[in-house]
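Protein chains in written order, with the numbering used here: chain A, 1 to 482; chain B, 483 to 990.
Be aware that a few hints might be false.
Derived lysine to aspartate or glutamate pairs resembling DMTMM-like cross-links, with alpha carbons at most 20 Å apart [to be verified]: (1) A:K133 / A:E192; (2) B:K878 / A:E96; (3) A:K479 / A:E413; (4) A:K345 / A:E309; (5) A:K133 / B:E838; (6) A:K418 / A:D363; (7) A:K79 / B:D870; (8) B:K533 / B:D514; (9) B:K592 / B:D870; (10) B:K854 / A:D271; (11) A:K79 / B:E838; (12) A:K418 / A:D395.
Just so you know, the hints here were simulated from the structure itself, not pulled from any lab data.
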Amino acid sequence: MSWEVVIGLETHAQLRTQAKIFSGSSIAFGAEPNAQANAVDIALPGVLPVLNREAVVCAIKLGLAVGAQIAPRSIFARKNYFYPDLPKGYQISQFEIPVVMGGGLAIKVGAGNTAADKYVRLTRAHLEEDAGKSLHEDFHGRTGIDLNRAGTPLLEIVTEPDMCSSTEAVAYARTLHALVQWIGICDGNMQEGSFRCDANVSVRRPGEPLGTRREIKNLNSFRFMQQAIDFEVQWQINEIEEGRAIRQATVLFDPETGETRSMRSKEDAHDYRYFPDPDLLPLEITPDWIAQIQSELPELPQAMKQRFETELGLSPYDAATLTASREMAAYFEAVLDVAGKENAKPAANWVMGELAARLNKEDKEVPAAPVSAIQLAGIIRRVADNTISNKIARDVFEALWNGEAADADAVIEARGWKQITDTGAIDALVDEVLAANQKSVDEYRAGKEKAFNALVGQAMKATRGKANPQQVTELLKKKLGG
Amino acid sequence: MSDLINSSLRELSAALAAKKISAVELATLFLDRVETLNPTLNAFITTDREKTLAQARAADETRKLGAGSLCVPGTPLRGQATASLPLCGIPLAHKDIFCTQGWRTSCGSKMLENFVAPYDANVVEKLAAAGMVSLGKLNMDEFAMGSSNEASFFGPVKNPWDTDRVPGGSSGGSAAAVAARLTPAATGTDTGGSIRQPAAMCGLTGIKPTYGVVSRYGMIAFASSLDQGGPLAKSAEDCALLLGAMAGFDARDSTSLERPAEDYSRDLSRPLDGLKIGLPKEFFGPGMDDDVRVAVEAALTEYRKLGATTVDVCLPNSGLSVPAYYVIAPAEASSNLSRFDGVRYGYRAPDYDTLEEMYSRSRAQGFGSEVKRRILMGTYVLSHGYYDAYYLQAQKIRRLIAADFSAAFEQCDVIMGPTTPSVAFPIGSKSTDPVQMYLSDIYTVSANLAGLPGISVPCGFGAGQPDKPMPVGLQIIGKWFDEARMLNVAHQYQQVTDWHTRMPEVTK
């Protein structure tokens with residue numbers, strides 16, 4: 001009998017604000033322990049929280065980007081529990097009325113042209129503050145508390161249980177990861193914990209009600225997410241097949257063993273005693289404020305992808321690849337600005353091919369590419385106007401990558417790579433090639449098409465690639481009586 | 483010199499301006515009184531003569547440089563906008579709930595017995611900026627939870643009118659100190675009556691402003707949606723001056739209201755002709771002692787003589803105010819006091835093996851029994867399955883109570899009644915019966931639940947020991963932001979009565 005997997009994700013995205021969500025402290029990563037914790041963060045007696053509106057702007061941006069409702073009035077609540085790195089004894093979060101409700105993300109499951117479309121519904125997204133860190137290393141028999149992270153603004157983005165495989169969960173997480181960076185609300189740095197996911201996983205027989213879920217906490221890489229969910233699913237199936245019931249629990253993934261293990265069960269779950277925080281007024285968001293943020297929002301990847309398909313005639317695959325990150329899309333658009341929309345297809349090939357490959361090889365990000373969009377556009381234009389061939393173009397790209405000259409024209413000039421377009425010169429050259437390769441000529445005449453390609457190759461070789469291949473082909477055909 | 487201890491703030495200001503006395507001399511006068519009388523009254527928890535005198539010297543300097551000399555007695559003040567500093571050099575003392583940089587802030591608790599805040603509360607900052615000189619920190623019920631000041635880690639405060647009796651609470655140290663003339667004025671906080679009730683029991687004038695008028699920044703939270711700071715002093719006129727210096731928008735408190743600065747003295751001399759006083763029948767029912775009733779009725783007669791008329795009004799839900807209060811306040815307190823966990827500051831139990839033991843022992847040993855009782859109640863009413871039945875219901879009652887007041891204020895300008903159902907009771911007489919203790923707030927909690935301003939004014943004396951009559955307080959509740967009018971109503975009464983000038987024997 002088969003099993004169905006049901007997955008919902010909760011993602012904590014750390015917001016790119018200047019200051020913490022309820023205090024003026026900086027949120028920069030990596031400062032000395034407690035150097036970025038002021039009286040409010042330490043929760044001294046008598047201090048009060050004041051909402052950082054920058055964090056609200058981030059939440060509104062996400063809400064607009066996922067087509068959600070922005071609550072005109074949402075409430076901050078206190079989630080009460082004791083932990084040494086939770087200075088107030090409660091976390092300020094949103095409970096009953098979150099700032100963002102509904103919406104969803106269109107994702108691609110699988111790779112290439114066989115990728116399937118799927119829509120993952122979002123339940124909500126709410127603002128909250130992060131806790132500090134408990135440090136157990138270097139403190140023998142003691143625990144160190146670093147409150148630098150305490151009060152860092154988070155947006156918790158919660159999906160409906162719409163995903164039914166680890167692949168879908170990862171596809172969703174990747175899409176969300178790209179989106180939050182695209183709209184500039186999160187740096188997406190998973191290693192530093194700026195983007196971390198919890199996965200709620202359950203299994204059931206087709207047609208049966210939802211099974212009991214277990215929550216895998218703090219997945220901070222896509223690979224771990226995939227491994228953790230796969231392990232958890234198999235574990236749950238085994239349990240049930242061996243006659244044991246799944247008990248609701250919170251589990252941790254151990255990358256060392258590749259296994260998930262229970263952290264606490266439902267029985268010892270906290271009663272968080274949520275209630276509205278009396279220190280904070282309800283968060284009021286006016287339509288004007290939303291409209292203003294809407295007007296400042298960049299074109300979203302989904303819309304840009306559509307535009308690339310309809311305006312530029314790119315394939316859905318190309319359009320999706322180019323809009324995978326805002327930097328990549330911006331680079332592509334900058335190439336088109338100079339090279340012209342008529343060169344969209346070659347520009348797409350260059351960006352997705354040569355550029356992406358080189359970046360990947362050298363582990364660089366788009367903004368750090370040694371060949372600028374304008375330089376690449378220069379190459380594409382010289383190919384388009386037949387100044388150079390595609391093969392030479394790759395050499396020009398290489399030269400620019402190595403910083404040999406300021407632009408394509410300078411490289412072409414310096415290297416003497418200008419394509420030979422003088423018909424007389426090519427004519428003489430072709431005659432020489434035909435005379436020197438009688439065997440190939442005979443074979444071609446005997447019906448061997450391959451022999452023709454050999455002749456073209458010889459001709460191109462003789463010009464060190466500078467002849468226009470089309471011109472050479474035409475001349476050869478004419479002379480061979482084709 | 484001795485008449486200085488009975489002087490109004492305006493008179494002290496004039497004496498300072500006229501160089502009849504220096505701030506240092508004035509501070510010394512009161513510090514000496516504290517030294518003599520505090521062992522009997524236990525009103526002060528912390529004093530520091532050097533710090534006080536340093537502030538006094540600075541105030542003298544400020545006056546010499548001119549800022550204070552612009553003050554002409556009797557001229558109307560223009561709130562914060564005035565260039566003069568009428569309060570410069572006048573001593574006061576702070577309830578130990580206000581954080582003070584460099585002075586211990588204990589909140590009346592073992593938990594904070596050794597806590598020195600690295601910052602000043604907004605109220606402390608503002609009064610210091612006005613040039614006022616701090617005499618020290620005043621005793622209070624632990625974390626402001628109490629109505630008798632018996633629930634202080636630093637021991638009970640004695641009522642200067644009869645040292646066998648309580649001064650009221652939780653600002654009991656503030657009230658006792660002003661009543662015994664250990665300080666001309668004091669700060670207090672009022673969550674369910676903690677300024678008005680001790681003011682009434684000690685024969686003082688004390689005002690709880692509209693919620694949001696005085697910043698809560700640096701005021702250790704008891705119940706955030708109810709807490710409000712305010713002054714206790716000898717007269718309405720003094721309270722008006724002090725409130726002007728304490729009030730104002732503070733960006734660090736999200737519940738602080740952005741309103742233009744006010745001169746709360748502006749209407750003091752306005753006649754009361756045509757004033758409509760609402761008398762809620764719920765404030766005059768059974769439960770009020772006869773001596774209190776007699777004094778309050780007499781005050782109303784005085785008001786009628788001043789040209790006011792009285793009208794019966796109805797606050798039908800006020801009977802629910804104490805139950806609602808004892809759900810909401812402990813709920814908020816249970817969460818507000820979670821930060822006292824022994825991790826970062828405050829008391830930590832000496833022996834523990836696990837984290838949980840560290841928490842439970844630190845809190846069990848650091849908090850007193852009344853605080854623990856309220857944390858338990860608050861935790862209970864917020865718990866899963868009880869939240870709707872208690873917390874949400876109480877919030878609904880709170881809205882109904884506010885609506886009752888709105889309706890009543892359609893018919894009147896101010897509401898009057900007793901501040902407390904009885905005069906100050908003997909120490910120990912209610913400390914074993916929390917419900918009886920809670921009922922001493924029965925007339926005051928409604929104003930907190932509705933966010934309304936309330937003032938208590940001395941209006942006579944009730945039965946005490948034969949030789950020790952105890953003060954009675956008249957409560958005046960005003961419309962939201964109507965502090966200036968309430969102070970006017972109180973001041974006019976104090977122009978024709980002398981209850982507020984009476985002093986307990988102990989001061990003589």
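So, going through the hints one by one against the coordinates:
| no. | hint | verdict |
| --- | --- | --- |
| 1 | A:K133 / A:E192 | 13 Å, holds |
| 2 | B:K878 / A:E96 | 17 Å, holds |
| 3 | A:K479 / A:E413 | 32 Å, violated |
| 4 | A:K345 / A:E309 | 11 Å, holds |
| 5 | A:K133 / B:E838 | 18 Å, holds |
| 6 | A:K418 / A:D363 | 32 Å, violated |
| 7 | A:K79 / B:D870 | 16 Å, holds |
| 8 | B:K533 / B:D514 | 15 Å, holds |
| 9 | B:K592 / B:D870 | 34 Å, violated |
| 10 | B:K854 / A:D271 | 19 Å, holds |
| 11 | A:K79 / B:E838 | 19 Å, holds |
| 12 | A:K418 / A:D395 | 12 Å, holds |
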